[in-house]
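Chemist: Line by line, the protein sequences give chains Y and R. All residue numbers for the first sequence refer to this note's numbering, where the first residue is 151 and numbers rise by one. All residue numbers for the second sequence refer to this note's numbering, where the first residue is -5 and numbers rise by one.
Just to be clear, a hint being listed does not mean it is correct.
[To be verified] The following label-pair restraints were derived from C-beta to C-beta distances:
| no. | chain 1 | residue 1 | chain 2 | residue 2 | range |
| --- | --- | --- | --- | --- | --- |
| 1 | Y | Ala273 | R | Lys438 | 21 to 29 Å |
| 2 | R | Lys438 | Y | Pro453 | 37 to 45 Å |
| 3 | Y | Asn587 | R | Arg6 | 26 to 34 Å |
| 4 | Y | Arg595 | R | Glu22 | 23 to 31 Å |
| 5 | Y | Gly275 | R | Pro115 | 29 to 37 Å |
Hints were generated in silico from the structure; no laboratory data involved. Beta carbons: idealized from backbone N, C-alpha and C, even for Gly.
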Amino acid sequence: MSKEHEGTPTERRLRAGMLSRDEARRVRDSALALLEQRGVRVAGARAHDVLERAGATVDRATHVVRIPSPVVDRALALLPPRVVLAGRLPERDVPLDGGRCVLATGGPAPEVLDLDGQRRAGAAGDLAAACRLADALPEIAVLAGPPLPATDVPERGRVLRELAICLANTTKHVQLTTVKTVAEARAVVAIAEALAGSRQALRERPRLSLAVPAGAEPDESSLDAMLVAAAAGVPVGFSLAVAGPAQAASTAAAPAAPAAAQAAPTWEKAPPMAFPPRDLAARPAVLYAAVLAACALVQLAAPGAPFVAPLPMRPVTGVKGGDAASSTAGYLFAMAYNDVSDSCRLPLAAAAPAPPSVSPGWRASVESSFATLAAALGGADVVTGAGLLDGGAAFSAQQLVLDCESQSVSARIAQGIEVDEETIALETIAKVGIGGNALGQRHTRAHMKDVWRPRLFDRSSYEAWAREGRKGSEHEAAELAARLPTAHEVPPLEAAKVATVERIIATAGL
Amino acid sequence: MTTPRINPIAPRLRWDALAPNDIERIHEATLEILAETGIRFPSAKALDILARGGCLVDRATEVAKFPRKVVAEAVALAPREYVLAGRDPACDMVIDGKHCYLSNDGSGVFVLDRKTGEKRPSTKADAAESARFVDALPNISYYWGPVVTSQDVPPATKSLHDSEAVLTNTSKHYQAVTTVGEKAARALVAMAAAIVGGTDELRKRPIISFMQCAVDPLAHDGPNLEANLVAAEHGLASGFMPMPLSCGTAPATLAANLVIQNAEALSGVVLLELAHPGAPAFFAGAPSVIDLKTGGYTGGSPEDYLLAAASTQLAHFYGLPMAMGTMATGAKEPDWQAAVDDSLSTFASVMTVADMMNGAGLLNGSKILSYPHMVMESEIYGIVQKVAAGITVNDETLALDVIKKVGPNGTFLAEKHTRRHMKEIWRPTVWDRSTYDQWLRDGKKGALARATEIADDILDNYRPEPLPDDVRAELRRIVARADAEVVGG
């Protein structure tokens, strides 16, 4: 792996805000009003009990829970002071403290887009390769998803088998969006504890986390799974859904749709973001309400549990329909959300919209450039979704490499410009003088290493580029995507831990 | 409803790359360099003006040093707002610190031939065609350059041939970038005056402006100075564009790069205001860093975008408009890399409200013109425009009553509110939003294919508003006179 980007800055100094303080306050107040007056849909008796005990009003027929502001405030006061997503070793740890924005993979995508442009279902070998590729790329801090399913593994127990593949092929933090049952959650907790060495160690440095895909509504089973994980100290992230008037108005309202219909949708079945296109401002209030409610539930169920707020950067449905995955509004949401949550800072994972592009290239680049920059400047701790194309329907190793370069660029921008005596360098300017050159100066030698170096950007002359077969950055990315999974070595997991993980999987009864 | 001729961005979102105290520090450092190191002005006329204005001038070294007071008083004379006019008043640009206008990029030397796909040297016909193309695109508000120079004409009068080609083929504002020297500048002024009806009328309807490159670090070029002085004499806007490269013509650190750029740009404005108090002037800039692998110009990097944003803030600190290099890319094709460069540099320029953004259309470090690339960049401009509009938060837009009205898993498509506001959704021109299967059926056509279709259509069918025959004839006479003078010696 080339050394470019090893100096990729991690500290974030710049932020771009969307809303004024007054506007942000209005959005927050609106969100709290929605929770109190309209409520949120919460699936399952367990969650109902938790919220009711805390003072919320629960309609068990409609599953609508109205949460008064004081209850929300009490819950938020229980938030832990620090959330970290740990890797196998401390140097891989990701503190979610607003100081930087890191990149995570996304998924699972139903298909793999091979380097030759063919699409097919993913298998265990593809997942392992994707994990090793992510492990090799410095910009990827979290392996989330997993990026693709191992469809050659029996469906029963597949979630845990995929986790085992991830753990064997990366030393980075692993976040699963595929855990949907309490049994799976219990097994994941057991694995996390085994990896950490103890329950206490798990709480201090959780190697695994769980999330429901941003924008998706957890059903009862998924919600209970989140609460089980949270109680053990595994970081969780999900949001609830603001209720509609019919559900909130009367206990005699029609029963909620069956749980199956509310299951976390696949990428293809994800409902369009059904909001009035004009009312972009409504989205921050609704999103914030949904996250506050989820966070409150988790804190009330498991005080001090690490919680990571998910932010879908997916926008409104396009006029043409069918494409719900990309438009400019998504970038605005990332920036607006951070203004709104400023008074109570929840760690934020922004889900970059998977480009609807079906292949890596110009359009995917435009979208991922804006998404990573919006997330970086808006204050997100993590931006998920690297490597996805076709609205999330395909995982592309080439796209993963390209997204890492975009992330590196955005991270450098977010680092900003340092202005002090050393960087203003008046002495050096005077020494170089009029018409001189700074190349030989001590100051230049001292600071050259800070210049951003591309891994992929091609800056050769046209003639050199033509001579070498007109291969640009996309070709370079494809070469790295092909080479790194086999060239990069991931230190094996300790044999004892492997055995423990296998035992847990075997006895999980899944 | 007719489409507007030009489409400026009025950003509601702002982004600061520099904090106020950072700006102050850079400003103070700039004044120190101007006062103690000075700037070289290789023009006796310019040195005379600066000396009369209170600068300390060394005629042997051609270096002028600027006392703080001279700088402050001169900059205060520059107008804060003015209009850059088009031959068509619908193309007038209001330079007021609140609007961003995009131009094409300039001074390229090759064209990607649309028949062969290969690059070839540019000609006067290409300069003309490029102006016609820019005239057709609303997102390109003015013509800068030329985008590619006429290389099939006498080199000594190339700029006039360029200008003749441009002025004949667009009714948008023309900012000349290759017109240097007093003689050429006066000839260009004469051409513009012929179009609008005299030099007095040109002062009221300034359909041209001038931009010159500075010589980094800390110097100007004689003919460039003289050309801009002619512009200022006629009340035409002008500016100087530093392009310091960190690790080369500027120290490695970005703050120092900004000091160099600031000093050069500021010194140019001081000269113009001392020469012609109240002359419209602007800052310009295209700062960058050296590519440490090749030693050359990067054509695009995160430092570029940061420097662009910071430079614009500095210009506005002085109350001056900024013409910022935007959308440069080192890519040789309109590919992934070009998209990163174009997207993020446009974001940086718009979010800091760069008044003029130069510009679209060139690949490979501003060398090769590609019309499809310009169309694709126009698309990116539209996206940034939408983002820059931000989110309006009020009772109407919070729409709590609408949210409460529509139930879960519902759709708003049939709502009156939706029908009323659907037109505000951004619509792509070249982006493909079809499904994967449809994309396969359509032959895997992507954005480049669509952009090529649009570009070909413009090149084949678009015709700009022509100049009257007598005016065209006068432009040709001016150029022919200049050619004859060169031949005559």
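Chemist: Of the numbered hints stated previously, which ones are contradicted by the structure, given in increasing order?
Modeler: 2, 3 and 5
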